[in-house]
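K.L.:
Construct the complete structure from the given sequences, taking the supplied hints into account.
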Amino acid sequence: MIVGIVIMEYAVNLFLVSIGYRWGGVDPIIEPNIYNLTYVSPLPQALVVCTIIIGLATTILAVAMAMRIYEKYGTFDITKIRKLKG
Amino acid sequence: MNHWLPLFIAIPLGGAILSLPLGKLNRKLPPWLALVVSLYLLLTALLLYFIKSPEAISVYRIGGWAAPLGINLVLDGLSQMLLLVVSLIACLVTIYSMVYMERYTGKEKYFTLYQLMLVGMNGVVLTGDLFNLFVFLEIAAISTYILVAFGTEAEELEAAFRYLIIGSVASLFILFGVGLVFSVTGTLNLAEIASSFPREPGNLRTLITVLFLVGFGMKAALVPFHAWLPDAHTAAPAPVSATLSGVLIKILGIYCLIRIFYNVLGVSPQLLYVLSLLGLISILVGGGLALVQWDFKRLLAYSSISQVGYILLGIGLGTPLGIGGGIFHLVNHALFKPLMFLNAGAIETSTGTRELKAMGGLAKKMPVTFITSLFGSLSISGLPPFNGFWSKLFIIVACVQAGRFWAALIAVLGSVLTLAYFLKFLRYAFFEKLPPALEKVKEAPGMMIGVTVTLAMLCLLVGVFFPYVAAAILNPAVLVVLEGVKP
Amino acid sequence: MSGMSLVVKVVTRVTAAFIFIFGCYVSLTGQLELGGGFAGGIIIAVGYILYVLAYGKSEAEIETSKEGAAVVMCLGMILFLMLALLGFIGGSFFNNFLPKGQAGEIWSAGIIPLCNLSIMLEVGAGLYLVFLNFITFNVTVREEKE
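Protein chains in written order, with the working numbering: chain A, 1 to 86; chain B, 1 to 487; chain C, 1 to 146.
In case anyone wonders, no lab produced these hints; they're calculated from the structure.
Only a predicted model underlies this, so the values are computations on that prediction, with no experimental measurement involved.
Be aware that a few hints might be false.
[Stated by the list, open to error] Below, a list of computed lysine to any residue pairs in the SDA-like style, where the Cα atoms sit at most 25 Å apart: (1) Lys109(B) / Pro42(A); (2) Lys24(B) / Pro113(C); (3) Lys57(C) / Glu71(A); (4) Lys24(B) / Phe134(C); (5) Lys72(A) / Met82(C); (6) Lys66(C) / Met1(A); (7) Lys109(B) / Lys9(C); (8) Lys109(B) / Tyr70(A); (9) Lys66(C) / Tyr104(B); (10) Lys72(A) / Thr136(C); (11) Lys57(C) / Met67(A); (12) Lys109(B) / Ala54(C).
[To be verified] Far from chain C, by Cβ distances over 12 Å, these chain B residues were calculated: (13) Ile9; (14) Ala16; (15) Tyr104; (16) Lys107; (17) Ala194; (18) Leu207; (19) Ser381; (20) Pro384; (21) Phe389; (22) Leu409; (23) Lys424; (24) Phe465.
[Stated by the list, open to error] Okay, the calculated beta carbon distance ranges per label pair: (25) Ile2(A) / Ile21(C): 56 to 64 Å; (26) Lys28(B) / Thr29(C): 24 to 32 Å; (27) Tyr70(A) / Val59(B): 45 to 53 Å; (28) Glu102(B) / Ala46(A): 40 to 48 Å; (29) Ala11(A) / Gly186(B): 17 to 25 Å; (30) Gly186(B) / Asn133(C): 16 to 24 Å; (31) Tyr468(B) / Tyr70(A): 50 to 58 Å.
Every residue, glycine too, gets a C-beta built ideally from N, C-alpha and C.
P.N.:
What follows is the structure, given as structure tokens:
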């Protein structure tokens, strides 16, 4: 289940980065003597950096919780982890 | 004065970070630091009302960069009201936690996480930038995932894991929606999106609306996305449940919905109809499932689902009275739901159990808890002169005014259901005979009682003095929502 | 816990320092090249993790490392918050108040290199701390189940 969330997350991040694409653009780094280049928009890249970090934190948290759940329940099978009812 | 705005975010962040090394030095310091921080927040939130009129909108540019390059913090009537509500509940719950968290190890980490959650909530309320909204949303949500699992018992971990997965999926939907909005308008500033988002309906617009509705609906625990709420609220420690239920689901879910749909994207009649329909379903499902619960924290959790349905019904009507009723119910619920959860925590501390069947006759042993629970129950059920009466009255009258008689009928039915399950709670917990196992039960410690009494008094006072409250706090918020998309 | 084979140990001895310096480089030139604080911090954390995996550490050493990493992480966060609050000198929160040099130099763009430095400290130490906690947790679980 954790891997599924991670895959979904990568998909959305990829989507965000692709928003910034401009036709024929290069990476958004300014070289000293070259002008008049079409740059790929750097804003979604900044957004995606933040989002990747957030996703990393969530994944770490999910894995830590999964480890402790394994310690308590003895299984990773989600259909057996059902102590709370209703 | 404008400079105070970023301090709402920076001071709790400083408190959260400083609690870590301070906790290593001396275990008693972090609670006091958290208390100082929350008192500061409460005082500044109150002072904002006196210094600046809530109708005016202040915009603060972070780093001096003007939009669209920079991030703006925007304070309008709705944000100001929510800041006050959040600070009030946070302060009271912090006082309560100072006593309650003695039972848990790692107490200092709790206060760090709690203040991080405050950072997130204040940030969500104050920000004027769409991606910043998402970042603060995540900060608050992640600290909540950890807080729910705080005791690391089997139940708590399972509930927290379920909450984490559903919350992550919700965040992904929201992020996807943010990406789509960005690709359509090219800017992330809320005010600029409002002016440049295309007005005509189309497939893309419907997709964005659905994505945001589902994402924020999951965070706000609307039916059918409510699956995580009963587990998370039952298993979490009492002050965490109180804050989650009373404040967090409303700020992360309902406030963001209002912001995005009313002020940025623009509402359409179909959207309002869907919102009110979801609200009606939530009222019925929450109320019905609450009736059959024997674990009283679970009962309170289902009651939260039901009340959020009321708020959504009010907002989904679109008329001034409906929106006013919905927002008033938001404020009221933030007052009496933490009250009930904190009382539940007091009962759990004193008796050691959460099953209603194992309790009884606590009215003599815990008189203060009994009276405050009585106040809270009557408030939620909507009896005069408590505050719940007014907000439910507004919502029902607004339904009738809008010509939707079935909605009004269901709302009244929901009120009856609420009264029913709270009477069940009161009867089994406080009346009946005292089982022999509970002979030695004492009243809860002083600070915990002080907090619950304060909340109960506030319920009564807001109900009695409600015209002043409405004029000062609610009307500006309603005006902001009604203005809709600002040019 | 034991380390890995001799080949891995020798290679790590050579490359760990390079990884550390590369991480600092990526972090500090965040305004010129790609990277910035986050990426640099992660690279540094990976350098430390590589060292722990290759050589192995005993329980006591891990505890000391945890303390050190926690201190560095808090330091990084406090530094970042200080920088943000000091922006008030320039007029508003988070303002860029240090002198900005020419574009293309390292010491340009005001407080951005310092921000990157503090984020590097925080992310690197934080990720290292998480890794250490994961290792020690595994050990206790296996002992209980035995």
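K.L.:
State for each hint whether it applies.
P.N.:
Quick rundown of the hints versus the structure:
Among the hinted pairs, lysine 109(B) with proline 42(A) is inconsistent with the structure: their alpha-carbon atoms are about 37 Å apart, more than 25 Å. Taken as a hint, the lysine 24(B) and proline 113(C) pair is broken in the structure, with Cα atoms around 30 Å apart against an allowance of 25 Å. Taking the CA atoms of lysine 57(C) and glutamate 71(A), the gap is near 24 Å; set against the 25 Å cutoff, the hint holds. About 21 Å separates the Cα atoms of lysine 24(B) and phenylalanine 134(C), which keeps this hinted pair within 25 Å; it holds.
Between lysine 72(A) and methionine 82(C) the alpha-carbon distance is near 42 Å, which puts this suggested pair outside the 25 Å criterion. Between lysine 66(C) and methionine 1(A) the alpha-carbon distance is near 30 Å, which puts this suggested pair outside the 25 Å criterion. A hinted pair counts as satisfied when its Cα atoms are at most 25 Å apart, and lysine 109(B) with lysine 9(C) does not qualify at roughly 37 Å. A C-alpha spacing of about 23 Å is found between lysine 109(B) and tyrosine 70(A), which places the hinted pair at or below 25 Å, so the restraint holds.
With a C-alpha separation of about 22 Å, the suggested pairing of lysine 66(C) with tyrosine 104(B) holds against the 25 Å cut-off. For a cut-off of 25 Å, the pair hint linking lysine 72(A) to threonine 136(C) stands: about 17 Å separates their Cα positions. Among the hinted pairs, lysine 57(C) with methionine 67(A) is consistent with the structure: their alpha-carbon atoms are about 22 Å apart, no more than 25 Å. Distance check on the hinted pair: lysine 109(B) and alanine 54(C) sit about 32 Å apart at the alpha-carbon level, beyond 25 Å; violated.
Separation of isoleucine 9(B) from chain C is inadequate, the least Cβ-Cβ distance of about 9 Å not exceeding the 12 Å criterion. Residue-level check failed: alanine 16(B) sits 9 Å from the nearest beta carbon of chain C, not beyond 12 Å. Against the 12 Å criterion, tyrosine 104(B) stays outside the reach of chain C, whose nearest CB is about 19 Å from its own CB. At roughly 17 Å, the least C-beta separation between lysine 107(B) and chain C is larger than 12 Å, which holds for a residue marked as non-interface.
With 12 Å as the threshold on Cβ separation, the claim that alanine 194(B) sits away from chain C holds: the shortest Cβ distance comes to roughly 24 Å. At roughly 31 Å from the closest C-beta of chain C, the C-beta of leucine 207(B) stays outside 12 Å, upholding its exclusion from the interface. With 12 Å as the threshold on Cβ separation, the claim that serine 381(B) sits away from chain C holds: the shortest Cβ distance comes to roughly 45 Å. Every Cβ of chain C is farther than 12 Å from the Cβ of proline 384(B); the closest lies at roughly 46 Å, confirming the non-interface assignment.
The beta carbon of phenylalanine 389(B) sits about 42 Å from the closest Cβ of chain C, which is more than 12 Å, so the claim that it is off the interface holds. The beta carbon of leucine 409(B) sits about 51 Å from the closest Cβ of chain C, which is more than 12 Å, so the claim that it is off the interface holds. At roughly 42 Å from the closest C-beta of chain C, the C-beta of lysine 424(B) stays outside 12 Å, upholding its exclusion from the interface. With a closest Cβ-Cβ approach of about 36 Å to chain C, phenylalanine 465(B) is found to remain outside the 12 Å limit, as its non-interface label requires.
Taking 56 to 64 Å as the suggested C-beta distance range, the pair isoleucine 2(A) and isoleucine 21(C) does not conform, at roughly 33 Å. As the Cβ distance of lysine 28(B) to threonine 29(C) is approximately 44 Å, the hint placing it in 24 to 32 Å is violated. Look at tyrosine 70(A) against valine 59(B): about 49 Å separates their beta carbons, and that is inside 45 to 53 Å. For glutamate 102(B) and alanine 46(A), the Cβ-Cβ distance of about 44 Å falls inside the hinted range of 40 to 48 Å, so the restraint holds.
Taken as a hint, the range 17 to 25 Å holds for the pair alanine 11(A) and glycine 186(B), whose Cβ atoms sit roughly 22 Å apart. A hinted range of 16 to 24 Å for the beta carbons of glycine 186(B) and asparagine 133(C) is inconsistent with their spacing of about 42 Å. Between tyrosine 468(B) and tyrosine 70(A) the CB atoms are about 55 Å apart, so this pair conforms to the stated range of 50 to 58 Å.
When each numbered hint is compared with the structure, violations occur for hints 1, 2, 5, 6, 7, 12, 13, 14, 25, 26 and 30.
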